[in-house]
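*Asks:* Residue numbers (the numbering used here), protein chains in the order written: chain A, 1 to 133; chain B, 1 to 133; chain C, 1 to 133; chain D, 1 to 133.
By construction, these hints were calculated from the structure, which means they are not laboratory data. A couple of the hints might just be wrong.
Intra- or inter-copy, both count: the list cannot distinguish identical chains.
[As the list claims (entries may be wrong)] Cross-link-like lysine to aspartate or glutamate pairs, in silico, DMTMM-like; alpha carbons within 25 Å at most:
(1) Lys112 / Asp132
(2) Lys31 / Asp110
(3) Lys112 / Asp27
(4) Lys112 / Asp2
(5) Lys112 / Asp37
(6) Lys31 / Asp69
(7) Lys31 / Glu116
(8) Lys112 / Glu21
There are 4 protein chains.
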Amino acid sequence: MDVTQINNMCANTLVSHLGIEFTEVGDGYLKATMPVDDRTRQPQGLLHGGASAALAETLGSVGSALRLDLSRQVPVGLEINANHIRAITGGTVTGTATALHLGRRTHVWDIKIEDETGRLICTSRLTIMVVDR
Amino acid sequence: MDVTQINNMCANTLVSHLGIEFTEVGDGYLKATMPVDDRTRQPQGLLHGGASAALAETLGSVGSALRLDLSRQVPVGLEINANHIRAITGGTVTGTATALHLGRRTHVWDIKIEDETGRLICTSRLTIMVVDR
Amino acid sequence: MDVTQINNMCANTLVSHLGIEFTEVGDGYLKATMPVDDRTRQPQGLLHGGASAALAETLGSVGSALRLDLSRQVPVGLEINANHIRAITGGTVTGTATALHLGRRTHVWDIKIEDETGRLICTSRLTIMVVDR
Amino acid sequence: MDVTQINNMCANTLVSHLGIEFTEVGDGYLKATMPVDDRTRQPQGLLHGGASAALAETLGSVGSALRLDLSRQVPVGLEINANHIRAITGGTVTGTATALHLGRRTHVWDIKIEDETGRLICTSRLTIMVVDR
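Between the sequences and the hints, there should be enough to build the whole structure, so can you do that?
*Replies:* Structure follows, in structure tokens:
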């Protein structure tokens, strides 16, 4: 799947609802952007940490799905964790997922979210279990 | 603040955008609901793990804000982690935050998310740093 | 297995090397103690956070092993996380593991570590994958 | 402090008790080794995940201590998390800590543990709070 197909697949989901758009997908490597606006901010006007977690989990989950033959196996998100490093009030953030481990039974993704000048906003790790259908 | 005031404060944010509504707030204890629908699902039709993380982070952050004199101190979300225990495709989930630690410099929250029959969907922990203004 | 058998099984391992001793085991519930001394402290004389993590992972892993028919399945520790809540310089800590989820493919444990007066030292969560031999 | 001084400082602690030895320290970058033997294994003969967590927390904590003027500030470990990627039964592992964030109030470390051939055994993240004395 290319980025257009992935973005189409995400229509009418949390992913599109938050304005997340995939911009690059490769083997064990994906990028997506997310706006910092009323859809993703908390009451004090900062990017909500939950939006960062949603972007991170989206990137890793899609990355795992792209690795699998989905007629035989599905990726199941088991655990996500995230450190919120820096506050941001507007603009766009970019998340980059890099595979730390792509095993037979589990995938582990590192996801970093940066602002438009490359400063680290959030660092996250996602654990996926590969389950036979 | 009562639940109506908290829900009003969350208008035009990620919180309202996901349909999250606070239903109960007490000292070191809060509840909120979230719909499982196109706003919170992933492409396969299941509740997106990122929506669970967003609900968890919302509950703990508001819980910490309610404990502080916000003219002097602010809660800063440092780290969130979450285990996704069970898939769910529709209805409403309820998150309950319980304080594990309410110290001078840090707060730690346990957040559990359950379906309408009380089955565990997600268990999460949020670390908050209390920062002087 | 009773606690004596478990403690014997842990001879000549990290578990015995840190002075960890199981004191109670039940279904989805286990307790073990650990001394706070030169074996488990960091250079400033406080309990090392890594010792807490080791106690937590020991409790959850043994708890999962007790649930499985080990001739057919093995528990594999995937992820551990821990919040260090309170410093402690001596005495004994007690860890209590409680099952949050005991599924077909994964187990999730909550582990709390307390001092001799019941104050919370550490709270941890362990994710176990159940793998067929 | 050089590695010899750090290793001396860690005498009679968990660090020395597990056989952990620092081999390289720089600004925001540290390395230490740990044996996989009866001191660090679990009952099935594999490296105990808690030993990995202890190595990770040791590396990040010392890294933060080296950054601070300890007469004025102390590093406090708040949260650690770790994914166990690959089992190992013997030899030596090497942990490498890299600073993800060195702020005024918090430090965040990435720690990777590898076997002698460079395969990833464990990936961890440690959150440190910087506290004024």
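*Asks:* Hint by hint, work out which the structure violates, then give me just those numbers in ascending order.
*Replies:* Of the numbered hints given earlier, the structure breaks just one, which is hint 1.
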